[in-house]
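Q: If you're matching them up, the sequences are chains S and P in order. The opening residue of the first sequence carries number 1 in this note's numbering; numbering runs sequentially from there. The opening residue of the second sequence carries number 437 in this note's numbering; numbering runs sequentially from there.
Treat the hints with care, as some may be off.
According to the in silico footprint, chain S covers these stretches of chain P (three or more CB under 8 Å from chain S) [said to hold, decoys possible]: (1) 455–464; (2) 506–512; (3) 518–531.
Simulated from the structure, these hints should not be mistaken for laboratory data. The beta-carbon is built from N, C-alpha and C at its ideal position, and this holds for glycine as well.
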Amino acid sequence: MNTIEYFKEHFDQLQLAGANSSLGAIRKNAFDVFSTLGIPTTRHEEWKYTRISGLFNKEYNFTVNPLTTSFTTNDMDGLHLPGHEQANELVFINGLFSFSLSIIRSPQLVVLPLEEASGNEYKNIVSKHLGHSGQYLKDGINALNTAFAYGAVFIHVKKGQSTEHPVYIYHISDARNSNSFSQPRSLVYVDENARLQLVETFVTVGEQESFTNQVIEIIVEKDAYLEYYKIQNDESHSSQVSTTHIRQVGKSYTHSVVISLNGNIIRNNLNVIFDAAHCESHLYGLYCLKNEMHVDNHTVVDNVQPHCLSNELYKGIVGDNATGVFNGKIFVRKDAQKTNAYQSNKNILLSENASVNAKPQLEIFADDVKCSHGCTVGSLDEEAQFYLMSRGLSKHSARALLLQAFAIDILENIKSEPIRLYVEQLISKRLEIDTV
Amino acid sequence: MLRIHNLHAGIEGKKILNGINLEIKTGEVHVIMGPNGSGKSTLASVLAGRENYEVSAGSVEYLGKDLLDMSPEDRAREGLFLAFQYPVEIPGLSTTNFMKTAVNEIRKYRGQEPLDAVAFLRMMKEKMALVNIDQSLLSRPLNEGFSGGEKKRNEIFQMAMLQPKLAIMDETDSGLDIDAIRIVSDSVNKLHNKDNAVLLVTHYQRLLDYIIPDFVHVMYNGRIVKSGPKELALELEEKGYDFIKHEVGVGEEA
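The shape of chain P in the complex, shown without the other chains:
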């Protein structure tokens, strides 16, 4: 589904990603862990198409297409979804109103008829129940005055509405207490199936108590320095990121 090859990218002349290689297949859950500043969020931003990042080398193939050649909106329309680390607050725009526009623009792109008000409401209700979010939150201005947990749930709700093929979740667990992490994780588990894939970006292992990944990748200095099964996360938790730094350091010297 996603094949990242030797990706180099940066922002304002500063290099952050130094040759990322990663392959994600349909049905898989991948997690990228790493210390602060290792480039995790940059990778998520580059994949979603954030404008101010410059790709200097490498390629990203998504569903057989050149992802880097696509506009942010076309990436979304092709089924890529980024759950933001810091969801934006937009006074004056309700989630409902915004989702209606989003769903219908994506349908138009795919050559489908727009949903009428009734069909849209039915879809809203179904997804609200699925991710356990309250109607009142969705009628309010987007994320304005929402708690950290409410913002992240709103992200998951949007993900449920848009039914992405590849969901990239950028530090969705950051700033959440244990209860909120459980609720968000439950929803992600419900939305994940054999036809889609999830890429979790996180700093902490604790999210993995609730979402079981197929692969764990450790990122350091803009590169994936170690990949392994879910047990790798436990090892990281036990030994801390210093062990990776040490291992990478040794490797480079050899």
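Extracted from the complex, chain S is given alone in its bound form:
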């Protein structure tokens, strides 16, 4: 597609259809930003190691009309994550939220089209928080999602409520008949003293290529609690730019784990903004890469207010010709005294052609803070391997056990049991296959 003109055409159609919507202005601004910045190239500092422009050189079916999808409940068979029987399941098809395929079990949960929320009692929340990620992600790809914030969803976990059922969000790309480009958008509001366990996953159905540019913005109020898991185990012909923007606006607790196991090119942005004092956030990530995979994790922890704690640990196992990128930024603003911010990134390379680009970045403007960062890239410990083999383990089992041991401190931070068991199984399976 001829990028900007192609999207302009679609954009104009959409704006005509929803010209009077309160989202119209936000979308228009975003489209202007996109028109100016375009798709980020590797000349953009934040995209130095991840080239997505090639993905735009293909023809996609870019669905802007929900009626054109023919995905049914039956097509969902086999796509569900473990534990789904107890979960609220929210389904996007080709970037558009589908109420008919979604199942909402918790009365504490309000799920509305974003268009509707932007005009009713949630109006102020939407206008205050929608697009906040754009302040951190100054590139055309984030703006492109906002420009097409259509078929988007608004989720509210009510004050003082805990959803006993987790929320699973499925981003499904229907690539059975043509390449699929989709841009799911969500705005989640976790109200005061509420609790939410949220799992996002990506599924491509069909043999054609898919490219998903997804943004979720989550607002976490005072005394609220958020657990967030992102599971990426899609097909090798599916790519993603996946943005999770968590804004803690009251003293609150968040915990996230991002697991990347399969895909083509994956770029994850995870932002945690401490907009209130005494916030806490734990950020974990594991990428286990093979073949030609490329996974880029960009994280930002922004300490705007004092007395916050963040602890970040990302680990990578990179094999074959795969590439891992880790870029972890920590900002400590002038007023954010007594900040505690820790970051660590550890990588194991399994082959000579595997590579990792790691870049920790600390920008500290306050003087009474504790911050640390560390990064390692190495190969599997030969002495440990020999130790295990001297006890009768084959080289294959020794390597598999060592890699499993390496991954375990990420996996044990998946507090959802069905999801943890699921990921553990995927990893065991991967280690069996890949270390033969």
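Got chain S sorted already, so can you dock chain P onto it with the hints?
A: Only chain P this time, still in chain S's reference frame:
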């Protein structure tokens, strides 16, 4: 059981073993003593199959097979066990988990069914009692944050689990206080019987206050220069290694 003939080996082009000859029969306990740098630990490593050592000449026959031709894991599966001088720490892997894999891979090699969880736990409990080690230690990540004594006890526990035919103990006494040496020695004595053999590698005589060897060998400059009954160890203790160096020196001149 083990017959080492004229073994020459080294690492990164540096020759360390210069013609070792040693025979160990089932039921025996042998000890190899010698000053630092004499090649004791190299011999243990070569027998266990550590990759970066190169054997340039000689042969090692173990239970009628060519030991040097076997992979490290097959040596273990055939009943050879090396207690490490410096056991490796592996964060994220518990001894229990690792032992379960080891026991079952060895059983598979021998054509036995894998142990189920119940049978494995029963075996664990039995061996824990035998070598006097606590469950909590075994649930922790392997050797991570263990004291020197705990690491060595963990080695002995693994030995109890794997029931080797030939146990090679590389400086198992190093870095241990007297109490720890006694505990480790007691366990080794319990595990030793007429159907297996033990090769102790040590720098000091003190271990031999607790484990009584059938043969003592003195190693110097990559060779066994003197062998004898357990009394040889006492003589060494009394006269120091200089007496050996002197004796060897005289011998070479003659």
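Q: Each hint: holds or not?
A: Each hint tested on the structure:
1. 455–464: That given contact is violated, which follows from only 0 residues of the region 455–464 of chain P lying within Cβ reach (below 8 Å) of chain S.
2. 506–512: Held - the region 506–512 of chain P has 5 residues with a Cβ nearer than 8 Å to chain S, which meets the minimum of three.
3. 518–531: holds (count 8)
Of the hints listed earlier, the one the structure fails to meet is number 1.
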